[in-house]
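A.B. asks: The primary structure of each chain is shown beneath.
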Amino acid sequence: MANLLELRNVSKTYTQGIINPKSTVALQDISLTLKEDKPTIMTVAGESGSGKTTLAMLLLGFITPTTGQIIYRGKDITQLTGEDKLAFRREVQAVFQDPFAVFNPFYTVDHLLTVPIKKFKLAKTKAQARDKMDEALTAVGLRSEDVLGRFPHQLSGGQRQRINVARALLLKPRLLVADEPVSMVDASLRASILETLRNLQRDHGVSIIYITHDLTTAYHIAKSIIVLYRGGVMEAGNVDEVIKSPQHPYTRLLVDSIPWPNLNQRWGTDTIKARETGGSATGCPFRSRCPVAMDKCAVQPPLFQMHKTQAAACYLHEANPKIAAERLSELLPV
Amino acid sequence: MVNTQERTAGSGTTRGAAEPPVLRVEKLEVTYYTDAGRAKALDDVSFTLQAGQKLGMVGESGSGKSTLALAMMRMIKAPGRIEGGKVFVGEVELMGLNDEEMRKSRLSRIAYIPQGAMNSLNPVLRIGAQLVDAIKSHRSGDSKAEIEQRCVHALKSVDLDARVFRMFPHELSGGMKQRVCIAIGILLEPQVIIADEPTSALDVVTQRQVMETIDRVKDQINAAVILIGHDMGLMAQFVDRVAVMYSGRLVEVSTVREMFTDPKHPYAKALISSLPNLDNKGVFQGIPGLAPSLLRLPFGCAFHPRCSQVMEVCKSKRPLTRNLQSGRLVTCHLFDQEA
Numbered sequence: 001m002a003n004l005l006e007l008r009n010v011s012k013t014y015t016q017g018i019i020n021p022k023s024t025v026a027l028q029d030i031s032l033t034l035k036e037d038k039p040t041i042m043t044v045a046g047e048s049g050s051g052k053t054t055l056a057m058l059l060l061g062f063i064t065p066t067t068g069q070i071i072y073r074g075k076d077i078t079q080l081t082g083e084d085k086l087a088f089r090r091e092v093q094a095v096f097q098d099p100f101a102v103f104n105p106f107y108t109v110d111h112l113l114t115v116p117i118k119k120f121k122l123a124k125t126k127a128q129a130r131d132k133m134d135e136a137l138t139a140v141g142l143r144s145e146d147v148l149g150r151f152p153h154q155l156s157g158g159q160r161q162r163i164n165v166a167r168a169l170l171l172k173p174r175l176l177v178a179d180e181p182v183s184m185v186d187a188s189l190r191a192s193i194l195e196t197l198r199n200l201q202r203d204h205g206v207s208i209i210y211i212t213h214d215l216t217t218a219y220h221i222a223k224s225i226i227v228l229y230r231g232g233v234m235e236a237g238n239v240d241e242v243i244k245s246p247q248h249p250y251t252r253l254l255v256d257s258i259p260w261p262n263l264n265q266r267w268g269t270d271t272i273k274a275r276e277t278g279g280s281a282t283g284c285p286f287r288s289r290c291p292v293a294m295d296k297c298a299v300q301p302p303l304f305q306m307h308k309t310q311a312a313a314c315y316l317h318e319a320n321p322k323i324a325a326e327r328l329s330e331l332l333p334v
Numbered sequence: 001m002v003n004t005q006e007r008t009a010g011s012g013t014t015r016g017a018a019e020p021p022v023l024r025v026e027k028l029e030v031t032y033y034t035d036a037g038r039a040k041a042l043d044d045v046s047f048t049l050q051a052g053q054k055l056g057m058v059g060e061s062g063s064g065k066s067t068l069a070l071a072m073m074r075m076i077k078a079p080g081r082i083e084g085g086k087v088f089v090g091e092v093e094l095m096g097l098n099d100e101e102m103r104k105s106r107l108s109r110i111a112y113i114p115q116g117a118m119n120s121l122n123p124v125l126r127i128g129a130q131l132v133d134a135i136k137s138h139r140s141g142d143s144k145a146e147i148e149q150r151c152v153h154a155l156k157s158v159d160l161d162a163r164v165f166r167m168f169p170h171e172l173s174g175g176m177k178q179r180v181c182i183a184i185g186i187l188l189e190p191q192v193i194i195a196d197e198p199t200s201a202l203d204v205v206t207q208r209q210v211m212e213t214i215d216r217v218k219d220q221i222n223a224a225v226i227l228i229g230h231d232m233g234l235m236a237q238f239v240d241r242v243a244v245m246y247s248g249r250l251v252e253v254s255t256v257r258e259m260f261t262d263p264k265h266p267y268a269k270a271l272i273s274s275l276p277n278l279d280n281k282g283v284f285q286g287i288p289g290l291a292p293s294l295l296r297l298p299f300g301c302a303f304h305p306r307c308s309q310v311m312e313v314c315k316s317k318r319p320l321t322r323n324l325q326s327g328r329l330v331t332c333h334l335f336d337q338e339a
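In order, the protein sequences belong to chains Y and X. Heads up, the first sequence is in our numbering, so the first residue is 1 and it goes up one at a time. Heads up, the second sequence is in our numbering, so the first residue is 1 and it goes up one at a time.
Nothing false has been slipped in among the hints.
The calculated lysine to aspartate or glutamate pairs, modelled on DMTMM-like cross-linking and capped at a C-alpha distance of 25 Å, are:
#, chain 1, residue 1, chain 2, residue 2
1, X, Lys-269, Y, Glu-195
2, X, Lys-40, Y, Asp-146
3, X, Lys-281, Y, Glu-195
4, Y, Lys-223, X, Asp-279
5, Y, Lys-38, Y, Glu-330
6, X, Lys-281, Y, Glu-180
In silico contact screen, one side only, chain Y against chain X (beta carbon under 8 Å); selected entries:
#, residue
7, Ser-48
8, Gly-157
9, Leu-189
10, Thr-217
11, Leu-254
12, Pro-259
No lab work stands behind these hints: they were computed from the structure. Every value quoted in this text rests on a predicted model; they were computed, and no experiment measured them. Just so it is clear, CB atoms sit at the ideal spot from N, CA and C, and this is done for glycine as well.
This is chain X alone, in the form it adopts within the complex (with noise of 0.2 Å):
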């Protein structure tokens, strides 16, 4: 009951004059040490997420973006470790909770709803034992029928049946099994959902409905999504905000307006002019060069060699995130005056 109370205090002030952010992601440093060495999986990452609003992150395999999903929601294991900075939901500064708290918090602060989610049921349990254990973990004192009434409220929030409540995992398809884990993820009404790559392995038409149902109980529950994923017509129709993460750190944050009419960072030119669309059919334009290694990380600017305006302060100088105007982010040594 206490973090209802939290909530509604934290919901309270976010509709004050002032709207302060409802995430504030501060200076979060990662670093996984392997045998062959040291990776910086996430260097410095600070954004802030409003009250229903939608980010993007975007990147390339192994840029950082589930590592940064990870590190929000504590669960970095061995051999990572989360070397620094905050992360703020509301008033709480996630960092400082002891494990128990964090726990707490898991679902009913911040929900992470993983990649291949819909693998992650157990396929011997009913869907609504899945439900009502993720409820139970976290509040004590409902009544049975309490919590059975919320777990079919939320599987009626995102279009399925309460029919789904008896079922098991097996007896639904990728799309539903994909929604029972949004279910799951909204069951506490979090400030924050990060989705990862939540319809990957869907077809267009059901990756349509599952968006469609995040955008709408995001919109009930007024919460801040964080989709996580590489791919950029998706990040179009959903988002408001793209975040572009390369070799763990964010290279630019824009409207995604903005960054598919004028992109700034090199690195967020060539993934736009790389993306398919109707008018230039047969035309395919990829980034010339590979993402580099965690492990060796090239001096100054990580995608200095892959850019096609490199300049000789790139190889040396690590560029730092400058604020543009309009809240636009932007690491590149190209606006080093701009700021």
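Just chain Y, with the same shape it has in the complex (with noise of 0.2 Å):
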């Protein structure tokens, strides 16, 4: 079974300043697999500074990761040139949030799907592009009609966000990474754009890595989640186990604050300890807010394995078997 991608102990730090360098750990030694043949939603999830987003730019390739490698299908892509690089361009693809920001006002939206049916060589005559073009709106659900020839501004939110769908549905990629997809959509229009992305799984079979801070749609639409607070992996398994029963307290947190439109499901009452800016370098990074903190979060913990599907980086868990963090994929269902 080949690897479709692959993260090898991946770490980011941030560092500024040149006399008195400041670094800040963004992503600390992340290992993980998605396999070829096996289309999956796996959800990152976390809080702002958690390092959602800078994996995503690593996966995408816009940054190069401190150490460790990424590996697509069998290529380090920072080593990638000349037809492979165009490959993995073409084959993963990137929804972001804001729906308004990349979109040039200046041009039709037709123009963010002809210029990578162009870069790419998708088709040989106009009709073909055209065909290619209506084939990819159908399948988000939007008339060609509707939306060709219009501008930016004369579309909604909703429509814009699932045009940048469309335009990475054209490219028939194997991945797509969205970064908080539906976070500035209106409620009523996040469920058809998570509706698409779950179809595009399941029926065009792209893996699909959903980074977003809202357990909500995470619950709805993935299979499995990671959570990451500063860069670390806090918990990860199974998107049911994780957010119906979650063992790590800072994901506790998380669910805890998660506003259910369920007038029985209150939010936590639990007072929240503010984030302090900087904070300690070694050990558990979630142990200045933890209400149990011990003595020996001092030392970063280990990933400890409670079920099959799920682990979390907690002393508290301390009699269950470690698991290595290169192992971390074993964790996740597909």
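If you follow the hints, you should be able to join the two separate chains into one complex; please do so.
C.D. replies: This is the structure we're talking about:
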């Protein structure tokens, strides 16, 4: 079984300053594997500053890892050249958070769809290009006569975001990195975009990495979840298990703070400790805010595996067997 | 000082037996005159709010939520115009005030925390300077020490350290900046606070913190809060009553419990049933169709092309807002008989 994508102990550190450099660990030692023949939807969740977007940027090849390797279909993505690089650019697509910012307001939305067709020589004739565009738009539930020829400001946020998904789909990607695709879209349109993404995975065999801070949508769309905090994996596993019975204190805080649209399911009442800026360089990154922090948390806890498909990096679960960070993918159902 | 005296008088009457509402909006209408035609962004909007109450204002983008907030602040800019209606805060009718009186009323009677407020802080001024500015433009004669003390008090009430007074916006996180904006909003202890999507750019944990802060300061100054947003989950957790807007009209106003257990208007019903929760994993139910353009509103009820219970009358006759039992407001022909 070939691997579509493999992250080998990837870390990213941002350094600023020359004389007195300060570095921030944005992502720490992540290992992850996506199989080529089993398309899945994986959520990467965490609050702002947890390293979610850094992960997306790494996966898309926009930035290079400080240590570790990202292997796409057997090749390190930082070493790709020529045809391989073009293939990578085509097969790994992105949908970003802001459906307003990705459009150039001077062009009609057709521009966003025709450029990749030309660039990757997907069509021989204009008619063929038009057919491809029709097909992609239909797949995301839009009618081409409704949207083509219009300017971005004439379309709603939901329509624009679906055009972004259509553009990604046009290129027949193998991997879609969706960075907060619905956070700026109306609640009533979220459902249709999420459904579009799920159909993409189910019918077109596209693996999706769904990056979000919204555990509600993550629960509904994904099969597996990785919870990040300050660049480290706090908890990982089956999305049902992690959200219904969170084991790491941080995941508990996150799940407790979801505003469920249900009057009988109230917000948590524990007071939240404010996040410090800076924070401790060693040990569990969450320990300054953790309500049950212990002395030994000063040493970074490894992942302890509770079930076949759930593990948490917390000494509360010390009794369970350790699982090496490299084997993270084994916890994640596909 | 005039403001303070008036408010004391006002809050004295609210404690009386009749409990007059602190906010009364009557038949508010706003139209935007664009090149493409007239867009009626607010059509006959009326509601009341008691002191200490929290009202959630929900609706799709373009339904008029933010226009309502701006109209109440009298901050509608051309090509928009307030065509009619009245807004009472306590005894004072805002639409009848002259410009200078209205300027004084903003922040002292009614405060508005705009969408993305945290990006509206001036990056080259310290937080303290921006707070002091807000006080100075409304009250003269306070000593420097008094003003500073007031600012630090406001910062403390939103859980920020007094140190923040001397900091620049870039030194604060998103949640902290948002809380600074709330602090500015409550500096002069207004009777009504309008918060337009105060947490849309924040993650869930920070969101909860910010909402808890708003809740606490609301109790401290006994203000009424209007929360504008489209996250029904947040509404369920935070507000007492929910108002649903569609194409510039209020289609339903109910208590949060009634709204979630027994919504009346078909749009509110669709909205509630489209909500994700723990029991319906993987079911994505949107509301079919798109919100109509305000320039080309359908005849009759604006929701009729998307409505599942559409009747003949909906296509020709504009429904009136009916007052059902227990103060629920519904704008739908289905309830023409019940009222």
